[in-house]
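There are 2 protein chains.
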Amino acid sequence: MRNATAKTLTVELGERSYPIVIGGGLLDRAADYLRQAGVPDKSPLMIVSDDNVAPLYLERLESALSGGGYRVVSAVVPAGEQSKSLTVYNDLVTRAIEAGLDRSSAILALGGGVVGDLAGFVAGTYMRGIRFVQVPTTILAHDSSVGGKVAVNHPLAKNMIGVFHQPELVLYDVDTLNTLPPREVRAGLAEMVKHGLIWDREFAEWCWNNAPRLLDLEPEALIYGLERGCAIKAQIVSRDERENDLRAILNLGHTLGHAIEAVAGYGRYLHGEAIAVGMAAAALLGEERGGETGLYAETMLMLRALELPVTLPEDMDTEALMAAMQRDKKFREGRMVYIVPSEIGRVEIASDVDADAVRDVIERLKEKEESS
Amino acid sequence: MRNATAKTLTVELGERSYPIVIGGGLLDRAADYLRQAGVPDKSPLMIVSDDNVAPLYLERLESALSGGGYRVVSAVVPAGEQSKSLTVYNDLVTRAIEAGLDRSSAILALGGGVVGDLAGFVAGTYMRGIRFVQVPTTILAHDSSVGGKVAVNHPLAKNMIGVFHQPELVLYDVDTLNTLPPREVRAGLAEMVKHGLIWDREFAEWCWNNAPRLLDLEPEALIYGLERGCAIKAQIVSRDERENDLRAILNLGHTLGHAIEAVAGYGRYLHGEAIAVGMAAAALLGEERGGETGLYAETMLMLRALELPVTLPEDMDTEALMAAMQRDKKFREGRMVYIVPSEIGRVEIASDVDADAVRDVIERLKEKEESS
Ligand SMILES: NC(=O)c1ccc[n+]([C@@H]2O[C@H](COP(=O)([O-])OP(=O)(O)OC[C@H]3O[C@@H](n4cnc5c(N)ncnc54)[C@H](O)[C@@H]3O)[C@@H](O)[C@H]2O)c1
Ligand SMILES: NC(=O)c1ccc[n+]([C@@H]2O[C@H](COP(=O)([O-])OP(=O)(O)OC[C@H]3O[C@@H](n4cnc5c(N)ncnc54)[C@H](O)[C@@H]3O)[C@@H](O)[C@H]2O)c1
Ligand SMILES: [Zn+2]
Ligand SMILES: [Zn+2]
Chain Z
1 MRNATAKTLT VELGERSYPI VIGGGLLDRA ADYLRQAGVP DKSPLMIVSD
51 DNVAPLYLER LESALSGGGY RVVSAVVPAG EQSKSLTVYN DLVTRAIEAG
101 LDRSSAILAL GGGVVGDLAG FVAGTYMRGI RFVQVPTTIL AHDSSVGGKV
151 AVNHPLAKNM IGVFHQPELV LYDVDTLNTL PPREVRAGLA EMVKHGLIWD
201 REFAEWCWNN APRLLDLEPE ALIYGLERGC AIKAQIVSRD ERENDLRAIL
251 NLGHTLGHAI EAVAGYGRYL HGEAIAVGMA AAALLGEERG GETGLYAETM
301 LMLRALELPV TLPEDMDTEA LMAAMQRDKK FREGRMVYIV PSEIGRVEIA
351 SDVDADAVRD VIERLKEKEE SS
Chain S
1 MRNATAKTLT VELGERSYPI VIGGGLLDRA ADYLRQAGVP DKSPLMIVSD
51 DNVAPLYLER LESALSGGGY RVVSAVVPAG EQSKSLTVYN DLVTRAIEAG
101 LDRSSAILAL GGGVVGDLAG FVAGTYMRGI RFVQVPTTIL AHDSSVGGKV
151 AVNHPLAKNM IGVFHQPELV LYDVDTLNTL PPREVRAGLA EMVKHGLIWD
201 REFAEWCWNN APRLLDLEPE ALIYGLERGC AIKAQIVSRD ERENDLRAIL
251 NLGHTLGHAI EAVAGYGRYL HGEAIAVGMA AAALLGEERG GETGLYAETM
301 LMLRALELPV TLPEDMDTEA LMAAMQRDKK FREGRMVYIV PSEIGRVEIA
351 SDVDADAVRD VIERLKEKEE SS
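Protein sequences, first through last, are from chains Z and S.
Under my numbering, the first residue of the first sequence carries the number 1, and numbering increases by one thereafter.
Under my numbering, the first residue of the second sequence carries the number 1, and numbering increases by one thereafter.
Any given hint might turn out to be false.
Unchecked claim - Quick list of in silico lysine-lysine cross-link-like pairs, DSSO-like style, CA-CA up to 30 Å:
#1 S:158 <-> Z:158
#2 Z:366 <-> Z:158
#3 Z:42 <-> S:158
#4 S:42 <-> Z:158
It is worth saying that the hints were derived from the structure and are not from the lab.
I would like the entire structure built from these sequences, with the hints used as guidance.
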């Protein structure tokens, strides 16, 4: 009954361990997978999706589940980051209560990272935590389906309100990725190659060599890439579930990336695009701090192969970026904590990076654009 | 430097273990206790209190902490259950962000169970969880300071939105109890004797024998009673942190108690008063199901010694109570899960209690009032 091509990997977290199943045609077999993951059918389930994804896949998931003996209600939220709010959260809790969800119920997130974070926060807090199942439909969501971080935004700060809540199961149907807008595909691949850049040279090189297949959404390449990406993140998270130290390396490219997103203004950069530039900057910084020769050039080639940006527009205000990074709290008294590569596949958590060195790298990323 | 009379007990939860310090004059030494519990002073703290408690004790706690090298901001919410809302929660998160609370900060709850549950939910979700310190000022809060349950209410259901979040430290200054309204004192003692009734006959009898000293807020009696109450709950919680089975016995008297609170209408019964009636009912049910002779009579005497109600007004609608219990979800198809004593100090989780037996007990609690 299992699809031959589906791959399963386990995120090892003791009694909170869970499987990630990656393959084609999984939506239609959701009931079996849920049952196997121990989700009981005596209590209702709630699917949360967004209004881009729901018209494409919600009915299929609903009927797969009700055909398999589950009672299901659904809630559709507007697509986009604005749905990660306490207001939408409260509406979902109301819906869950009205539908009679109890401590044996599960909440399913059908969509990308937005729906995953939002529905996960509902699952993590409804009756002090009920079962959660992710059904990711973006490439970026391979990142959010490992690690258990769920959250909504506060008007003053992103992801400020949240908990750690591990899913029971991640059901990754790669067929759903066919409808993902190409720009979202590329942005998701940025997080995939990041997992290679921080941990596994071979995988980074595989992403590079297979960039055309990934951009074409070739199932075999996608399944392998998502699996490796999830597996690397899972290794890191298993060693540091609550983000005390090691987990920080997952932030490669994110300090500058977040600053770029903030300074450019909401929506101009996708998250994956911004961190691609951030990873290019980190590579340049790493090479200057004595990293391997060619580190920066190779990183650029990899990111470019995935059609990701690696430079900054000349008019982006360097001091505004510096100020935004300072607000990020990893920055104190002229020195900042920065994830810096020493070679492809290896990074260090440097706590002594000089602010001027970062300033200089930003300037050079701009020059690069002029000369290209 | 430590007060000679202060008692410390440890709630054993592996790496989430924490101390409960119970004694007089503790507020003034808060900084030492926080430091000893590992709360760093490099990040600001936020105290949450309510507008009954704040005028009495907030300034003292603030100056003890700032005198001890901590930076402190405070937030005062209206007293009462209505503050356990998402709206007030959101205001507190805003305040925490504006005050610059970060991942090394702690949130302190100065007040009763309302402030504890609310501030605890902020601490449990701010940046996915930061340190939490309880400074209880009610007797009932000895119950809420063990177990890690924190929550706010949803308009459709109490405590619906929450997490498990263990404190770093509970600092129980019994001097603060002197200003507690007598009715709140009695209601808190109901949860104290409950811990005896479910687990420890000797302690139940101690509460009975020392009822006048407890009602008079005699420090030595209070310290002993709160310590035993906390210790019993801690034993139960250590064996079942996530409320899978054993922890259910803590609900002695609560199934009917919650129904009484709901049917009588908000505010008519204090929670402790309602569960006192619930415990009387459970004892009667237990004796009828073959529990020890005198179980009901003794339970009544104990509760009466603490000046708690043990009967129902004749006009309380039995069917309304039955319906409210059914909504409580522990009730299915004419049978309910009910915590039933078999003797003083011992209860069973009975899943086969006949609804008619419960109905009958309710009726008899009413008759009792007529004849007394
Ligand atoms: N929890 C974590 O560890 C973690 C990690 C990384 C990112 N995130 C969060 O994830 C979010 C970003 O995730 P995302 O990039 O998946 O965003 P997203 O969920 O907003 O999806 C991107 C867009 O694609 C649409 N879409 C999704 N799947 C589709 C499909 N199959 N076909 C057509 N359209 C589809 C969505 O409606 C949306 O418009 C952010 O909020 C970020 O904070 C969380
Ligand atoms: N988390 C748990 O495990 C748990 C357990 C039991 C109860 N609770 C929750 O606790 C709440 C009830 O707790 P509570 O009875 O402490 O209620 P509370 O916090 O509302 O306090 C009762 C009243 O006494 C006032 N008060 C408190 N301390 C005072 C003092 N020292 N002097 C004068 N006035 C004082 C308060 O302002 C309030 O008006 C409920 O919301 C309940 O859900 C939680
Ligand atoms: Zn990211
Ligand atoms: Zn109670």
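Structure-based check of each hint:
no. : hint            : in the structure
1   : S:158 <-> Z:158 : 28 Å, holds
2   : Z:366 <-> Z:158 : 27 Å, holds
3   : Z:42 <-> S:158  : 23 Å, holds
4   : S:42 <-> Z:158  : 23 Å, holds
Against the hints set out earlier in the document, no violation occurs for any number.
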